[in-house]
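Those protein sequence lines, which keep their order, are chains L and P.
Residue 1 is where the first sequence starts when you use the working numbering, and the numbers rise one by one after that.
Residue 1 is where the second sequence starts when you use the working numbering, and the numbers rise one by one after that.
In short, the hints are calculated from the structure, not lab data.
For every residue, glycine included, the Cβ atom is placed at its ideal position computed from N, Cα and C.
Honestly, I wouldn't trust all of these hints.
Restraint ranges, calculated between C-beta atoms of paired labels, are given here [unchecked claim]:
1) P:3 - L:145: 36 to 44 Å
2) P:3 - L:113: 17 to 25 Å
3) P:87 - L:69: 20 to 28 Å
4) P:5 - L:113: 22 to 30 Å
5) L:170 - P:24: 32 to 40 Å
6) P:3 - L:319: 49 to 57 Å
7) P:2 - L:48: 24 to 32 Å
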Amino acid sequence: MTTAIGIAYLVASLLFILGLRMLSSPVTARNGNRVAAVGMTIALGATFFQKDLSNYGLIAGAIVVGAVIGVGSARQVKMTAMPQMVAIFNGMGGGAAALVSALEFVHQTTGHATIQTSQAATIALGAAIGSISFAGSIVAFVKLQELITSSAFQFRWTKFANGLIFLALIALGGAITAGSTSRLVLGVLLGLALLLGLVLVFPIGGADMPVVIALMNSLTGLAAALTGFVLNNELLIVGGALVGASGTLLTLLMAKAMNRPVTNVLFGGFGATLSVEASLPPGVTIREISVGDAAVLMSYSHRVVIVPGYGLAVAQAQHQVRELADLLNDRGVQVKYAIHPVAGRMPGHMNVLLAEADVPYSQVYEMDAINGEFPSTDVVLVVGANDITNPGARDDPGSAIYGMPILNVDFAANIIVLKRSMRPGFAGIDNPLYYNPKTSMLFGDARDSLQRLVAAVKSQPGATSQFGQDKKPLAISR
Amino acid sequence: MTEVLLGAYVFILAIIVGFEVIGRVPAMLHTPLMSGTNAIHGVVLVGAIVVAGQAHTFTTRILGFVAVVLGSLNVFGGFVVTDRMLEMFRPRHRERP
Numbered sequence: 001m002t003t004a005i006g007i008a009y010l011v012a013s014l015l016f017i018l019g020l021r022m023l024s025s026p027v028t029a030r031n032g033n034r035v036a037a038v039g040m041t042i043a044l045g046a047t048f049f050q051k052d053l054s055n056y057g058l059i060a061g062a063i064v065v066g067a068v069i070g071v072g073s074a075r076q077v078k079m080t081a082m083p084q085m086v087a088i089f090n091g092m093g094g095g096a097a098a099l100v101s102a103l104e105f106v107h108q109t110t111g112h113a114t115i116q117t118s119q120a121a122t123i124a125l126g127a128a129i130g131s132i133s134f135a136g137s138i139v140a141f142v143k144l145q146e147l148i149t150s151s152a153f154q155f156r157w158t159k160f161a162n163g164l165i166f167l168a169l170i171a172l173g174g175a176i177t178a179g180s181t182s183r184l185v186l187g188v189l190l191g192l193a194l195l196l197g198l199v200l201v202f203p204i205g206g207a208d209m210p211v212v213i214a215l216m217n218s219l220t221g222l223a224a225a226l227t228g229f230v231l232n233n234e235l236l237i238v239g240g241a242l243v244g245a246s247g248t249l250l251t252l253l254m255a256k257a258m259n260r261p262v263t264n265v266l267f268g269g270f271g272a273t274l275s276v277e278a279s280l281p282p283g284v285t286i287r288e289i290s291v292g293d294a295a296v297l298m299s300y301s302h303r304v305v306i307v308p309g310y311g312l313a314v315a316q317a318q319h320q321v322r323e324l325a326d327l328l329n330d331r332g333v334q335v336k337y338a339i340h341p342v343a344g345r346m347p348g349h350m351n352v353l354l355a356e357a358d359v360p361y362s363q364v365y366e367m368d369a370i371n372g373e374f375p376s377t378d379v380v381l382v383v384g385a386n387d388i389t390n391p392g393a394r395d396d397p398g399s400a401i402y403g404m405p406i407l408n409v410d411f412a413a414n415i416i417v418l419k420r421s422m423r424p425g426f427a428g429i430d431n432p433l434y435y436n437p438k439t440s441m442l443f444g445d446a447r448d449s450l451q452r453l454v455a456a457v458k459s460q461p462g463a464t465s466q467f468g469q470d471k472k473p474l475a476i477s478r
Numbered sequence: 001m002t003e004v005l006l007g008a009y010v011f012i013l014a015i016i017v018g019f020e021v022i023g024r025v026p027a028m029l030h031t032p033l034m035s036g037t038n039a040i041h042g043v044v045l046v047g048a049i050v051v052a053g054q055a056h057t058f059t060t061r062i063l064g065f066v067a068v069v070l071g072s073l074n075v076f077g078g079f080v081v082t083d084r085m086l087e088m089f090r091p092r093h094r095e096r097p
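Can you build the whole structure from these sequences, using the hints too?
Quick look at the structure:
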């Protein structure tokens, strides 16, 4: 590597770090991303001046192909489909890292009977981790896109098979580290790692996707850093390590928000053993509410909290939710949004949707900030959220999600749940919130229901608050 | 060996910097953070260009081509998607009182 290229890589590394730092505030975040992109451009430009490079046409063609498809799909994707988009781009990086490791193995063993031990070990590790991330991310994409069922399930032999593949990977990696230059060994290693990524993510349910996506992100970062060791390229090490650190941090945050260790998410087959059919416990009834009643209840409330969940993304109802909130606000009703850390399918998923609908940040509250306010809230409007509002997680030691921190929506005076049907949530767990006497259900497509609520609130007379500040929470009359 | 050791230094320091910098990102921006870091690990494209540039057989050229396409998808798709997301996080002009 010549000095000039080395300096370009150093500048690129610094721009990556600076860009990430600027991501910590909404004001600078967009420019932060651009700063990182400038760093990437410098790095790519410099790479073309490396010595002993051939196949320029082939490389340029490949970059154009990737850029056209990448930019095209990134431009077209809907905000609600963001989790699968992030997953698939992540998988591409993992696949690239695995191929880089494999090709460098071929390069170093061509005409040589031996390979340096440290090189061999890094190559095996990079190839394996990159492949796991590639296959795992693609399965995550397929599940999020609902091409196959996104529910959790488990085969009896899953853990056994996982363990077996894992041991085989260690053995093959060991053989390469010990000096095997066999391409067959590397090929089998790649194949088995792909298989492991597949069987690892396949049984994981949609509700656990935030952890999976963050973990895959972290794995790709690690694989990229390992290729840096193989190619003696510090820029790759820095870039990969930064992502590895960020992915790990997010993975742990998400797992903590569910109060489950990461291993339990990966190997638990969570919720898989529960019946998918919701059976009502005897002696409880589900209360339904009409759009008109719900509109009246909210229009004459003092405090309303909206709890969005994955159902909001599915129904693409973020704009309707804001319209409703604005209308209520104009009537003097105080409206807040409560965001659970694992609401949706990736970290921060709900914030992206609300941002798209131009919801003011000052109305958006994280779980810890809003949980104390539910007892003084008149109406909680749950839009397509389930497990994150399940009081069983707090009160019922027998619940499969017992111990997971939840939004305490059942402390509010009234709860209105917008839900498609009585199907249980993605974790397949029954939610006692729905049988709570204070809860009323508004069945239907969330977007449709919200549209009708907006119309009904508009038709309410009197646009300013009729109540004093000391108004007590309303009790619903039935 | 010194190359590996140097790499290890860089790796460990970058991890520490990563934890420090990313620990400050608010939960609200977690998706753009993930998407943005996603684009950054696309830097593996640099590695893909290097290995594709040293390929001399038909098979390795094909694999090199695929590696560059994948890396390029990661970089371009990642940055554009992140930019689209962050466009929505622009400062609000009509913040309600």
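| message | For each hint given before, does the structure comply? Return the numbers of the non-compliant ones in rising order. | response | Every hint satisfied by this model.
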